[in-house]
Each structure stands twice: as structure tokens, then as C-alpha cells.
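**Q** Chains as they are written, first to last, in numbering that gives the first Met the number 0: chain B, 0 to 311; chain W, 0 to 368.
Calculated from the structure, these hints are not laboratory results.
Keep in mind that the hints are not guaranteed to be accurate.
Stated by the list, open to error - List time: in silico BS3-like cross-link candidates among lysine-lysine, alpha-carbon distance up to 25 Å:
id, chain 1, residue 1, chain 2, residue 2
1, W, Lys-210, B, Lys-55
2, B, Lys-307, B, Lys-222
3, B, Lys-113, W, Lys-89
4, W, Lys-64, B, Lys-55
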Amino acid sequence: MAEEVVKIRDLVKRYGDVLALDHLDLSVEEGEIFGLLGPNGSGKSTAIGCLLALLKYDRGTVEVFGREMTPSAYALKGRIGVVFQDVAVFGQMSVYENIDYFCGLYVKDKAKRKQMVDEAIVFTGLEEQLKKRPRQLSGGLLRLNIACGIAHQPELIIMDEPTVAVDPQSRNHILEGIRELNRRGSTVIYTTHYMEEAEQLCTRLTIIDRGRNVATGTAEQLKAMIRTGETVTIEGIALDEERIQGIRSMPDVFETSYRDGVLKIRFSGGRNHLLEVLHGLEREQITFGRVFSEMPTLNDVFLEITGKELRE
Amino acid sequence: MTEIRYRFLQVLRNRGNIFWALIFPIALALLFNFSFKDLGEETWKNIPAAVVIRNKNETFELFLKDIDGELIEAETMGEEEAAHALDSGKVSGIYYENETPSLTVAASGLSQTVLASALDSYLGDVSLLAEVADERPEGFEAAVRLLAEQNSYLREETLGGKTYNYTMDYFYALIGMACFFGCFMGMELGEECTANQSVLAARRSIAPVRKGKMVLTDMLVGFSVQFCLVLALLAFLDFVLDIRLSGNLIATLLVCACGSLTGVSFGIVLGCAGRISKSIRIGLSISVPLLCSFLAGMMIGDMKQIVEERAPLINRVNPSAVISDAFYYINIYPDRRGLARCLATLAGISFGLASIAFLMMRRTRYDSL
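Here chain W stands alone, though its shape is the one from the complex:
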């Protein structure tokens, strides 16, 4: 118990550990919160569009009526007036009402893309309904209803019925990074168990304490401290920044625990890898969590999707991505199997890394000190 108590003291008093596992993630969380707050407050402005009626098309008129005031601000004009409005920038595009409606724009940009997408959607639906009317007239009514439901542009809801906010991706990846930054603490603990890393470790190695017990004690201490620091981060996000993550408290704690264990285990392996110089080890203990978090979408929201499309295996083994996925399963898409898979992956990575560390240090004599 004395050893555990002193190891706790030593780890808790190490400012580097606290900085990487708590202060740095809190600073990033504040930065994210500040940036996303501005994004959230920006309101959607409907896109001004002119409508020129060349041939009456009631279906198209109904479609325009449906999106008018929600997505676009439609105004019926004459040909010349519409052309003038487009040239002067008063409208972003002109819808020509016809048997087959068309769109004219004067530039390329987000507004023009939205107008084009709306028209494409309409044309696609019309084509589909025409096909259904021809081939299965009995299903026409159902098809109309289904399309009407699909074409709700206004709100996105998840299968779990919870509102999905894209900015949460960043915070999930941030928590993944904070868990993984336990490697910084783990690295120091690993070094202090490995006699060829420091004189301090040599002094500990000549004591009559089993190496396995020493490593296990250090791992337990490192994990406990790291877990508490991650919980402190969650509390900060929840109570200070008002970012709600606690969809299921027990599952959240489990994910944080497994993530923290993975980070600490990775660090211990780094710490006892004698052939890597100290500066490279420090570089790895900082860069690997940052890289994993980057790939999990901490800096670019779509990154995880890009990785998923090109190298899905990375997302399966990247602890930050796995932690991020686990938070999705807890807070957005309730999926017990998915969550269990994430937890098993993190536990498996931790177990593998811890085994490597034990094998590297157990009853070892070194080539040089």
C-alpha cells in the first residue's frame, strides 16, 4: 500500500501528466466551444430566386410553394425583370416554369448549388412518380406520401430520435485524445520500471519487488489517475461548457475507463522500449494521440468518414476513433452491439499492449545501462 500511495503522490504531482491529460484538452474544448458557438448562432437565410412562368406546371408550383419561405424566397417575375435581378445579384437564380422546369444561374456558389439541388430533387421525384404511375398505379399514393416525408429539408433526426449536432464529432474526438494522452503518464511510469532508462529505474529494479507487481502497480496508478482526469474533463464539458455527453452514465464511464487504460498501456510500452531515444519517445507520446485524434475527426470533421472510405481498418483500431464511435453509440445511435464492439476493441488493445510491456520487462537483464 505504501508503494501505491507514493506512486499516486508522485504521478499527481507531475505537472506534465496533468497538463497533457486535462489542461490541454480543456484548452482545446474551450477553443472548440468558442468556434462552434459562432457557427451555431449563424441563422439560415433563404435563397432569393426568381420564378418565370413560361408554361403552367402545377406540380412544380406546388413544389416551389413547399420550399418557399423554408429554403428559398421565390418571387414570380417577367423574363426581363428576372434577368435584370439576376445580373444585379438580387436573386441567385431563375426557375423557368415549364413542362420540364429549368434553372439559370449567373455564378457558382453555395446558393446556386442549393437551388440546383432542389430542382434535381424535384426532377428525380417526378421521374420516379411517372415511373410508378406507369408500372404500379396502385402504389402511386404511397409513393407520393413517402417522397413528401423524405423531402423534409428542415430537420435531421437520428434513428434514436435524438437531435444530431455535427459539432459533437469534435468533442468525441477530443475525449478520445484526452484518454489517449494517458500515454504521456504511462511513458514516465514505464521508464521508471526499466533499468536501462534511468538510474531511478535501476534503483527500483534492484529492490526485492517482483517486476510484474511493480509494472502492475504503476499501471493501476496511472490508469486511476488518468481515468479521474478524463472524468474531470467530462465534468468540465458538461457543467461548464454545457456539452451533454451522458446519454448513459455507466457506458460513458466504461468507455472512458477502457480509453484511459489504452492510453496508459501504450505509454508504458513506449517507456520500456529501450532502443528509442527519450526525445523520440516524448515526440511519439504527443504526436501519436494527436494523429489518432486527427484521423478520428478532431480537426477536420469529415476525416473519419474519409478514413472509413479509404482505409476502414484504421478506424477499427485507432483508439480515438473507437472512443468517438462509442460515444456515438451512447449519445446518438443507441446500439449495444456497436458499443460492446468498441469496448472490446479498447480492452483488447489495452490487454495486448500491457502484455507486451510485461514481456519486455519481466526478469530482464539489459545489454547496457
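Chain B on its own, in the form it takes in the complex:
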């Protein structure tokens, strides 16, 4: 069994009267890309703040690499790297100086540090911009932010929404970089509210809402937890109530909605209901426009568990 890199138990954190973390439990195993998925304000960043011993909490325990995480747990801190959502670099220092400075907080050996810094520069593609100040970087600022967080080659990398407000090309570059870091042996905790990103990247996920862990598992496991299987959408269709009732009575249909000429049929369990629907429409000689089928997303999981959209 893989080592438990992070173990959070019964974590409670209040901001005044607001309950930010509500008896949160989390386990992250070695070698994972662990996703912490939840809408804005769900408690993801607060959980990370508690994990890093930056935030006080009211109750619970936080262990990293099997030991309690405290502000003075320097040995543990040395094994962790963090990439914050907001860029955290010195504006008065060049790209190279920033990476070298932050790496120097972790690695004292000069030769070793130089090698690590050079590797981080190559990894983030900043070779051509080493002498530039952060304000002179156009697309490279986020890469510099990442380089400063990972240059010391930590065993555990925490990335707090690193792709917010990032263009799709840079986002793909960042995601591929995270996979590469994971391949090199780092365990990654990745917080995001982008479900597609989490689904693409993470080997295991926890969905968090109002500070509670509402579901944990692989993306497939999470989708299997809910009733929704396949959703078939038919556009440009005219139906009367009798025909809608006929559709509702089809096998495995548990919900239909019809609005503005768009019919949505949600089936429970399995896939391949599309052909069945098309045959039915043909039999009834109903004309229609575009038809497509979708399998459940993590948003459906979130919707079914919490009753609200993940994007809200």
C-alpha cells in the first residue's frame, strides 16, 4: 500500500461565525495527482492554508509524511513546494535571481542548487528570459511562479488553482508540466474549480463543498456514485405532452426536460441509449434537428450530491 503523504482528520476552521471547514477528512497517497475540486469559497484554499500550517484551525489534525505539521516543522517544510494562485515573486529581482533565491531557502549546497535552478528553468521554458524582471515577462510570469515553487524538487507539490485566468495554451502547458513532475516522483495536490481540468489531470479527487468532503474517488468512481448515466439531448423538436409522457415511459429514463424545442433525457446506468431514442423518434415520425449524447461529468456529480452547479 502506498504511503499516506497527507492525512487530514476532522478539520474544523471558522472565520468568525462562518464555518469554512466542516470536519474535513482528506488522505493523499504517495505518487498521486490528487484533485481538490470545489466551487469558489468551498474551502479549498483554507484547507491548503491549514495543511501548510499558515492558518489556525479550531479542531482536527494535519499530518504530512506521517508527522504533525506545525509552523516549526522545518524538516517537513523542506519536502513541500507550493505554487500559489497569485504570483509570488520579487519584482525587483530577475527571473534567475528569483528562482535562485527561493531555491536557496531550501537548498544550501551551491552546486546542487545551481543544477536544480537550471533544471527548473528548462522545465518551465524560461531559458531566454533569465535576465528579465517579472514585469517584463508577458506569458512567462506564471511559469516563473511555478519555477519558484518547484525548483527545489519537492516530494509534495501543492498547486492552488494555478490556471485561473490563464489562456488555454498556457493551461495545457501547465497541466503537462504537472504530469511531468508527477512522473518524476512528486506527489501533487491540485486545487481547482475547473472540473474538466480535474478530470483530465487527477488520478483521484475529493469534491469539497462548504468545507465538507462530499465525495472522494477516481473520476470514474465519482460518476458511478450518481444516478445519472447518459444524457441524450435533441434540439429542434416539437412535442406535445402525450409524446413526452411516451418518452418518460422508456426503460432507464429517470428525468426529462423539454424547453424551447430542446429535449433532454437523462438515463440511469450505462450508455448506448441514443440508438434506442432515435428508433423511437423514427417510429413516431417526429422530426428533429441536432442530436447528441453526453456521459456524466463531475459537474453532474456535484449537482446531484449538492443540488447546485459546480460553476455557481
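Dock chain W against the given chain B, drawing on the hints supplied.
**A** Same frame as chain B, now just chain W:
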């Protein structure tokens, strides 16, 4: 060492730090120098006064002779001529020589006040000498000599025998302000150590570096840079503006060092005070040094004296006033004990502030980020 080197680079490249600690004080010094130069070049003009002899008074005549040409320009006239001269403004007042001399003026102003003060001084001395002659005739000669020495209106010298120039008050307070402006640099350094102030500080706080070591490093860097900037200001005052401050070089360096440490320490405390908003912190880091310098007499020369009379404790703990006092003790009134007291006060304030900063930041988790 790497951390110290990069912190130096970061602090030195911050233009705000250089502006408040060096450029702004230099600009003020230039302004002061420009203003005081005009003051210095203005020459004293003796006050024209008429003397009307009603009854011969030799003592008074000797007194007038003593100040004639130095303080007043006396001219003996008849009653009518003197009255006419006073009306036409040719003279500022008329001394009537009598057993008890008197003065008539037609307006109120500086010249009239000087004439009145001279007469009051004479009358006071005469009264005192009469008293001595009556009660202790053997001491009369000594009293005359003493009064003659006291009544030297022409030159003011200090106990240390150095010429005292009132405009130096402004420059001492200015140096105090420059030292205290280290708080601007200290504030930024404090913020960069406090995780709930900036993401940058959060990134530094999660590194495996002891908080005490981090704060100490920043304080050392801030102090060194600030001290060098204050020395640059002193060099500018000395070599460019020709304002001599180096009565005792080691003592001067000590005062600047203690003052710089006080400024940086105050700033670090401001920087790690999480409950104060950034804009208020910036406001305080600018206004507190300015206020302290104002109270130390940077804008109004007599202010420190006014504070001394009404709330002397403020002068004892106001770093700008203490720095200003220390410069007095170095350059004007050599007083080792006074200087030592100033240095101890500055060191004590610095130590207290630094302790507060350490306690605020040490092994801290925050309520919110």
C-alpha cells in the same frame, strides 16, 4: 549568505526605499539651505534712536555709548527735532536722558522692542548695582565687571566654545527624520515576513527557515542599507552644502546607526501588524516620521522647546528629538552623559520594537490569509 545577498539586492533596487531615506531628505536639505542662506546674508542694521538730554546722567550716557554703533545709531537732538524725527520715521524712538531715563516710541515693532529691551536692561542693572552698593559695597567692582561681561549683545558662544547657529536645529531634525524614514523600508521587510500580508510572505513562510532568522536577516539588511543612506545624506550635507556635522565622527556614526535601527525596527513592527490595512500602514510610515521631526523642530525652530515646556516626556521618547539632541551633544554642547543617554534611548526603543516584531511573527499561524 545567498539570502542576505538577494535581500540586499531587492531592498537596494526598491526606489521607494531610496526616495524616502535619501532623495526626500536631500531635497529638504537643499530647500533649507536655500532658505537659510538668504537669512544668513541679511545684515543687522543698527536702530536709529534720538537722545534728548533733559538732565545729565553720565551712567546712562556711558551705557548709550557702549551700544551706539553696535545695536543703535544714537543722535543727540533737541525736543522738537526729536519729536519731528520720530513722526517722520527717521528714528524708531527717543531716549530721554534723566535721572531715570525713559523711552518714547511711535509704533510697535522689532526696533521699538529692541530699544525698550536695552533700556530695561540698563534700568535693571542700575537697580542691581544700587542694591549692591548699599548692601555690599566691597562687591561693587566685581558686580560692575560681571554685568559688563553679561551685556555683550554681539556674539553668542556655547559652553564648548563653539559658535551656535540656530539653523543647525533644522538640519539635526532633518537627519532625525531621515533615520526614522527607515521605517518605510522596515515596513516592506516586515510585510514580506508576515504570511497574512502578501502571497510573497506566505511563500517565504512555508520555507524551512526559522522565522527569527528570517526577521533578523531582514532587519540586518534593512539597517545596513538605511545606515548607508543616512551616511550618504551626511556626506551630502558636509561636502555639497558645507554643513559641518562631524564634531566627533565615531559618535556621529553611532547616533546614525542607532537612529537607523530605530526607524527600521518601527517599520518592521508596522509591517507585521496584520490588522492595519496597507494604506493606513503606508500613511503611518510617512506621517509618523514627519510628525516626530515636526515636534523635533524641523519646520518650526522653537517647537522642540515648546514641547519641552509642555510635555517633556515626548522629547525623551521621540526618536527625531533624541537624534537631534544627540547632535547637539556632539557638535554644540559636548556632554558625554547626555549623548550616552540619547544613544541608550535609541537603542532601547529599537530593542523594544524588534522584540515586539519577533513576538508577533514567531511560530505564528494566522486567523486568515
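**Q** All hints are to be evaluated individually against the structure, with a verdict given for each.
**A** Hints versus structure:
1. W:Lys-210 / B:Lys-55: Given pair Lys-210 (chain W), Lys-55 (chain B) holds - Cα atoms ~17 Å apart, limit 25 Å.
2. B:Lys-307 / B:Lys-222: 16 Å, holds
3. B:Lys-113 / W:Lys-89: This hinted pair is violated, its Cα atoms lying about 86 Å apart.
4. W:Lys-64 / B:Lys-55: 84 Å, violated
Going through the hint list in order, the structure does not satisfy hints 3, 4.
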